[in-house]
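> Got two chains here, each in a separate frame; can you build the complex from them with the hints?
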Amino acid sequence: MILVTGASRGLGRAVADRLVGTGYDVFGISRSTEELPFESAACDVSDYEGVKAIAQKLRKEKRALQGVINAAGIASMNLALTTPPSMTQKLIQTNLVGTIHCCQLFAPLMIRRKAGSIINFSTIAVALGLKGESIYAASKAGVEGFSRAFAREMADFNIRVNCVAPGPIKTDLLRGVSDEQIDAIVSHQIIPKIFQPGDVSDLCEFLLSSKSASLSGQLLHVGGA
Amino acid sequence: MNLEKSKSIVRACISEISDGEIEATDEMNLIGKEAHMDSMKLVELCLALEDKAGDLEFEFDWTSEAAMSKSRSLFRTVSSLAEEFYAQSQKTE
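Protein chains in written order, with the working numbering: chain C, 1 to 225; chain B, 226 to 318.
With the rest of the complex left out, here is chain B (with noise of 0.2 Å):
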């Protein structure tokens, strides 16, 4: 996998668990006044990528001190959360 991907993979869930109402890109924000989504649709799309990730065989841990920062959190935005995505997939290679 590599960083394209990962993109593509956090899309692809977030159209999932949006039934498609949600067409996201790179720079979308996940958390804050701009949030394209609930703290809801955020643990279901948390959910979504640890599925995508145990069939790409590796465990994707979302929990962060950060978590909710607008500067530091992982759900910063789409790009964010796919590198960290990434960042995983590739410590357990």
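Only chain C is shown next, with the shape it has when bound in the complex (with noise of 0.2 Å):
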């Protein structure tokens, strides 16, 4: 079984219907689950108690679960200076905290089997430092970081743990933002194409199974940074 977070929408959403696809047995978490295709529990990953709930109900049914993929965020375009303290906390909330969350309550499933695979999200804008991101960037600077380092805390027990860093990739994560920003940021790429939610999929395949086995603590930027 792999856990997707974020699972409703966006990335999530789309690696979760290309891993049900494939074959996998997939569990989703989001905020709402209303109408998925796959099982799946309603929850904010910022809720650490609401985490850890299913957590321990996947660990009493002794789910087997291989893999973890981090993709809930939430963005805010806007420059440090004019963003709300309630909008850096729920920035550094979800993407960073709720990421530490997960790999903190899920990581002991996969200890259990001595075998996984965790994939966090990462984001172009922590590279390249874009303009009207600072504090987006700042949440996904931390989990780079965090996966760094839990990466080797988890090698021990063979899980690996790897960071996507997505470029512009035209979900609702990017509503609000303009075509002339994207191109820009676009052209900032190593191969300065806008990508599908299928590429970051077909990635998010190739870190869950054995053909990235040497693979941990490793950040990749779908088109490159």
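Just to be clear, a hint being listed does not mean it is correct.
What the hints assert, rightly or not - Ranges of calculated distance between the beta carbons of each label pair, as one might list FRET restraints:
id	chain 1	residue 1	chain 2	residue 2	range
1	C	E49	B	K230	26 to 36 Å
2	B	D251	C	S86	44 to 54 Å
3	C	Q56	B	S240	23 to 33 Å
4	C	E180	B	R297	54 to 64 Å
5	C	G145	B	S296	25 to 35 Å
What the hints assert, rightly or not - Once the Cα atoms are required to be at most 30 Å apart in a straight line, the calculated DSS-like pairs of lysine-lysine come out as:
id	chain 1	residue 1	chain 2	residue 2
6	B	K266	C	K211
7	B	K277	B	K266
8	B	K277	C	K52
9	B	K266	C	K114
10	B	K232	C	K57
11	C	K114	C	K62
12	C	K114	B	K258
13	B	K316	C	K62
14	C	K52	B	K266
15	C	K60	B	K277
16	B	K232	C	K62
Unchecked claim - Partial chain B-side listing against chain C, Cβ under 10 Å, derived:
id	residue
17	D263
18	S264
19	M265
20	V268
21	E269
22	C271
23	L272
24	E275
25	D276
26	G279
27	E284
28	D286
29	T288
Read the hints as simulated data drawn from the structure, not as lab findings.
For clarity, every value in this text was computed on a predicted model and none was experimentally measured.
Glycine included, C-beta positions come from ideal geometry on N, C-alpha and C.
Pasting the structure below:
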């Protein structure tokens, strides 16, 4: 079974749908789980007790967790000086703390099996230091730092931890970002084109598979940065 | 459950995760320079205790701000861990 957070829309949904299509048993987590075509639970990943309750349920059911994809995230395009403190908290709580919660609470299910793959989501905004994304980038830079250190903590248990950092991909997260802004970001990628959710799903499939057995603690930029 | 039973559970879990190689005493250190197990074994011990707690119908939470403190950690010794395990079992009774 693969657990996917942020599974109701955006990249999380695209990856979950792909995994279902390729035969994986998927368990989705999102704030809203109405009409999802796979098993799911409603939970905000920043709510430690809520995530813990799901982990306890899966443990009691002795579910064989093979991988976790932490795709839950929010974005806010704003200058640091004009971002209200409530949004700063929300970005850090969802993007960074939520990812940490899920790693802490679901990793034990894989430690018991001595195998697993965790994929955390970052962004090209960290590598490029994009203007207007400083707080969002800070939350994701935290995810990158956490992932590298956590990969070392998990290595003894044969659990790999990697980060995927997409560039601009047309999902709900980019709502409100103009085509001109997207083109400007894409022009800084090593491969200057707009990639699709399917490209991110390809990478996740690879990182879940034994073909990536030699990779842990790595950051993979979709499109290159 | 009483404290002695709790100590016996912790000792049994240590024996289990070390395939019988570690014969735990109550004063055996679990962290620090004198520790008889590495961090990997410590995690395995936590998971083993979580399973035992499940059998006893309570949830064992091993997270603690002082987890790696030599003076305050619940992992200081087998006894301190057993005391915490016992205390948490009582909270749910």
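> None of the hints should be skipped; say for each whether it holds.
Structure-based check of all given hints:
Distance hint check for C/E49 and B/K230: the Cβ-Cβ separation is about 29 Å, which falls inside the suggested range of 26 to 36 Å. Hint check: B/D251 to C/S86, Cβ distance near 50 Å, so the stated range 44 to 54 Å holds. Checked against the hint of 23 to 33 Å, the pair C/Q56 and B/S240 passes, with Cβ atoms roughly 26 Å apart. At about 56 Å, the beta-carbon gap between C/E180 and B/R297 stays in the expected band of 54 to 64 Å.
Range check, C/G145 to B/S296: Cβ separation about 29 Å, and the 25 to 35 Å hint holds. Of the pairs offered as hints, the one joining B/K266 and C/K211 holds, with about 28 Å between alpha carbons and a cut-off of 30 Å not exceeded. Distance restraint check for B/K277 and B/K266: the Cα-Cα separation of roughly 16 Å lies within the 30 Å cut-off, and the hinted pair is therefore satisfied. Between B/K277 and C/K52, the direct Cα distance comes to roughly 18 Å. Compliance with the 30 Å bound is thereby established for this hinted pair.
At most 30 Å may separate the alpha-carbon atoms for a hinted pair to count; B/K266 and C/K114 meet this at roughly 13 Å. Restraint check: the Cα-Cα separation between B/K232 and C/K57 comes to about 27 Å, which is no more than 30 Å; the hinted pair holds. Pair hint C/K114 plus C/K62 holds up; C-alpha atoms about 14 Å apart against a cutoff of 30 Å. Our distance criterion of 30 Å between C-alpha atoms is met by C/K114 and B/K258, whose separation comes to about 27 Å.
For the given pair, B/K316 sits about 25 Å from C/K62 by alpha-carbon distance, which is consistent with the 30 Å threshold. Proposed proximity of C/K52 and B/K266 is supported: the alpha carbons are some 22 Å apart, at most 30 Å. Distance check on the hinted pair: C/K60 and B/K277 sit about 12 Å apart at the alpha-carbon level, within 30 Å; holds. For the hint pairing B/K232 with C/K62, the CA-to-CA distance comes to about 27 Å; that is within 30 Å, so the pair holds.
Annotation: B/D263 was flagged as interfacial toward chain C, and the flag holds, the nearest CB pair being 8 Å apart, inside 10 Å. For the restraint placing B/S264 at the interface with chain C, the shortest Cβ-Cβ distance is roughly 8 Å, inside the 10 Å limit, so the hint holds. Look at B/M265: its Cβ gets to within about 4 Å of chain C, closer than 10 Å, so that hint holds up. Annotation: B/V268 was flagged as interfacial toward chain C, and the flag holds, the nearest CB pair being 6 Å apart, inside 10 Å.
Of the supplied interface hints, the one on B/E269 holds, with its beta-carbon coming within about 8 Å of a beta-carbon of chain C, less than 10 Å. Annotation: B/C271 was flagged as interfacial toward chain C, and the flag holds, the nearest CB pair being 8 Å apart, inside 10 Å. Here the hint on B/L272 is kept, as its CB sits about 6 Å from the closest CB of chain C, short of 10 Å. Annotation: interface hint on B/E275 holds; nearest CB of chain C at approximately 7 Å, less than 10 Å.
The beta carbon of B/D276 comes within 9 Å of a beta carbon in chain C, closer than 10 Å, and the hint placing it at the interface holds. Hint on B/G279 holds. Least Cβ distance to chain C is approximately 7 Å, under the 10 Å limit. With a cut of 10 Å, the hint placing B/E284 at the interface with chain C holds, because the nearest CB-to-CB distance is about 7 Å. Satisfaction of the interface hint for B/D286 is found here, the shortest Cβ-Cβ separation to chain C being roughly 9 Å, below the 10 Å cut-off.
Interface hint status for B/T288: upheld, as the beta-carbon distance to the closest one in chain C is roughly 8 Å, under 10 Å.
Of the hints listed earlier, there is not a single one the structure fails to meet.
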